[in-house]
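Enquirer: The residues making up each chain are set out below.
Protein chains: 2
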Amino acid sequence: MKDFEFHNPVKIFFGKEQMVKISSLIPAGNKVMLIYGGGSIFKNGVYDKVKEALKGFSVTEFGGIEPNPYYETSMKAVKIIKEEKIDFILAAGGGSVIDATKFIAAAAVYENGDPWKILSENEAVKASLPFGTVLTLPATGTEMNKNSVISRKSTTEKFAFSSPYSYPQFSVLLPDAAGSLPRNQAANGVVDAFVHVIEQYLTYPVNAPIQDRFAEAILITLIEEGPKVYANPADYESMSNLMWSATMALNGLIMCGVPGDWSVHSIGHELTALHGIDHARTLAIVLPGLWKVLREEKSGKLLQYGQRVWNITSGSEEERINAAIEKTADFFESLGIKTRLSDYGVKQDTIDKIVRRFEERKWLALGDRGLTTPEVTRKALEFQL
Amino acid sequence: MKDFEFHNPVKIFFGKEQMVKISSLIPAGNKVMLIYGGGSIFKNGVYDKVKEALKGFSVTEFGGIEPNPYYETSMKAVKIIKEEKIDFILAAGGGSVIDATKFIAAAAVYENGDPWKILSENEAVKASLPFGTVLTLPATGTEMNKNSVISRKSTTEKFAFSSPYSYPQFSVLLPDAAGSLPRNQAANGVVDAFVHVIEQYLTYPVNAPIQDRFAEAILITLIEEGPKVYANPADYESMSNLMWSATMALNGLIMCGVPGDWSVHSIGHELTALHGIDHARTLAIVLPGLWKVLREEKSGKLLQYGQRVWNITSGSEEERINAAIEKTADFFESLGIKTRLSDYGVKQDTIDKIVRRFEERKWLALGDRGLTTPEVTRKALEFQL
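So the sequence lines, in the order shown, correspond to chains U and A.
If you use the numbering used here, the first sequence corresponds to residues 1 to 385, in order.
If you use the numbering used here, the second sequence corresponds to residues 386 to 770, in order.
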């Protein structure tokens, strides 16, 4: 493995009876902003529990964070935070609410002009309001990392940022709240976590057996638990296993000392920005296409993945790689997640637009070993037409 | 799985070129105590590198920490720390040096009389001097946890303590320094890490598939890498994989939401206290014996372990459990670690003494589900005579 640094200070509280601990985790006397999304926390009981836990604190509410949260919405929260001199933010909901909160918390103390530069120009975040999270939807892993992805409505752009100042102080993980999710959102969570692992695992061998096996552990668990959660999101034990899998998928651990790819995400973000397709579904479209193009370059890990995760042990290397790609796409489809662009009404003109954008941004060598050139991106998406 | 909390704030720096970062991790102007053991850091080059990294700091050295570090030695360091008003401790060495440092750091600011009470009476640690570590020996995982084990020479007692104040601020992990270890110490590290995993994994099934597979990932990696490191500790890649395995074995992660046992350790500590047997070797003696006694109660996990870790898939349940126990003991023996009490000259009188101690301390139901009664301890040790 390569040299690495690892640090993850997030305090995790997992399970049924954890909400009561929130009050002791926020400094007494703090003015708190409670940020949430489209209102699911009113249906799953989390709103009432949070309000109960925040008794004694002055609380300002800010609802309406969208899936693929917008810069524009986030900046409205920033304005209120400054006006009301908010000290601490509590995010309650899924990955979008938490990602928006990370941006809001950084933007609220940003002193270098328009905070959009954090996203568009990779301006370093140098401070943040402290915040905690209450997670009701397993998927992105944002509850235990320093990353965030924000979209800009006016320009249909979508960018990520990452900062050591953007770790939640704590995250309360609630599998029971996730039990009231619609099945398609639960399925999105499974695929999102799955592809997060793949981006860190399916590159090339570097003799890092612990990291490889941890990655495979998460993948196998998602393959086992995903269908159970898709059949019945209220299956508490399976939802718990999915939620912990999704957290472990992107908390930095399986990334230690190994190369990453992340070009599936870079391409997928464009499909969300241009067509509003759910993040996880964009990943399910792009991944099989990218593997079809880079099957030679990624053969070492594709064969290992096929064998250890899908138990593919017979056939030529070519056949085993085909089977690994097919099993993966079939798994996504079995969760109701379509893997073809035509399933979403996306055509060649979108592929052209994405390739042009990458060229304009000089994104000429994305991902693992810079293999994902604009031409590879084109071919990968054309495989999925 | 069960509800759980997880928090591990230790900053990890892993690999060859990490030592230079130390100076930026200790507050400027701090008076530093450098603690080390029997002098191996002079042979493996770590001493020179640490001194180079600490240029500009006032450094007081305290060497001579023993394997199974003594309370008595630790208290000498505490006296110097108070006299010299030390602000920060840097531990350089293996698990014993780091464990001693955790106790010294807590004892230096303990205000409730004799710090021995932290160990003998489980008095809560409420503060600690800050400290960092430089790890040169993979084994105990203490570099990334809040635990410590200390012995008292005058009473031949050995106790553990654990405190959220006892996390290192940072740990620099140096597989190359470990390359100069004697083979038997490398083997000790493999077995120590192996049994740490077993204590958290081999209890009873609670539907925690991520935790189980992470545990199995570490065990399989130790089985693969252990013999390579035993053959040649200077094999950098294998030593790296062993070192990261040992850290992951006991940093709280695989313990999330699952029951623990730890009675192998409780029994093993007595063998060290009474006969000075290396910690890892005591674990290698006790574990097979305990499994022979508790084979029924632990059958679910013993069968899973046999199948997933050792690929034991044929035979009756009884035969598969026998094979799992045998493979484990054979693995220890293959690393030159003897698993019988007679190999160490220990006889029935020691067993009687340990059982009597447990009874006197009212340790009547140790471990997983309280299964390890004094009578079970007696039988387990008698199996290994």
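Simulated from the structure, these hints should not be mistaken for laboratory data.
As the structure is a prediction and not an experimental result, all values here were calculated from the model.
Heads up, some of the hints might be wrong.
[Unchecked claim] Estimated spans, in silico, between C-beta atoms of each pair:
1. A:LYS723 with U:GLN304: 44 to 52 Å
2. A:GLY430 with U:GLU319: 33 to 41 Å
3. U:VAL206 with A:SER565: 23 to 31 Å
4. A:SER684 with U:THR313: 27 to 35 Å
5. U:THR313 with A:LYS723: 32 to 40 Å
6. A:SER684 with U:LYS16: 55 to 63 Å
7. A:TRP647 with U:GLU359: 57 to 65 Å
8. A:GLU506 with U:GLY29: 34 to 42 Å
Quick reminder that beta carbons are idealized off the backbone N, C-alpha and C, glycines included.
Enquirer: The structure should be examined with respect to each hint, and the outcome stated for every one.
Expert: Results of checking the hints against the structure:
1. A:LYS723 with U:GLN304: 44 to 52 Å: Taking Cβ atoms as reference, A:LYS723 and U:GLN304 lie about 36 Å apart, which means the hint is violated.
2. A:GLY430 with U:GLU319: 33 to 41 Å: Roughly 50 Å apart at Cβ, these two residues miss the hinted range, so it is violated.
3. U:VAL206 with A:SER565: 23 to 31 Å: holds, 24 Å
4. A:SER684 with U:THR313: 27 to 35 Å: Check passed, 29 Å falls within 27 to 35 Å.
5. U:THR313 with A:LYS723: 32 to 40 Å: For A:LYS723 against U:THR313, whose Cβ atoms are near 38 Å apart, the range 32 to 40 Å holds.
6. A:SER684 with U:LYS16: 55 to 63 Å: violated, 29 Å
7. A:TRP647 with U:GLU359: 57 to 65 Å: holds, 58 Å
8. A:GLU506 with U:GLY29: 34 to 42 Å: holds, 36 Å
Comparing the model with each earlier hint shows violations of hints 1, 2, 6; every other hint is respected.
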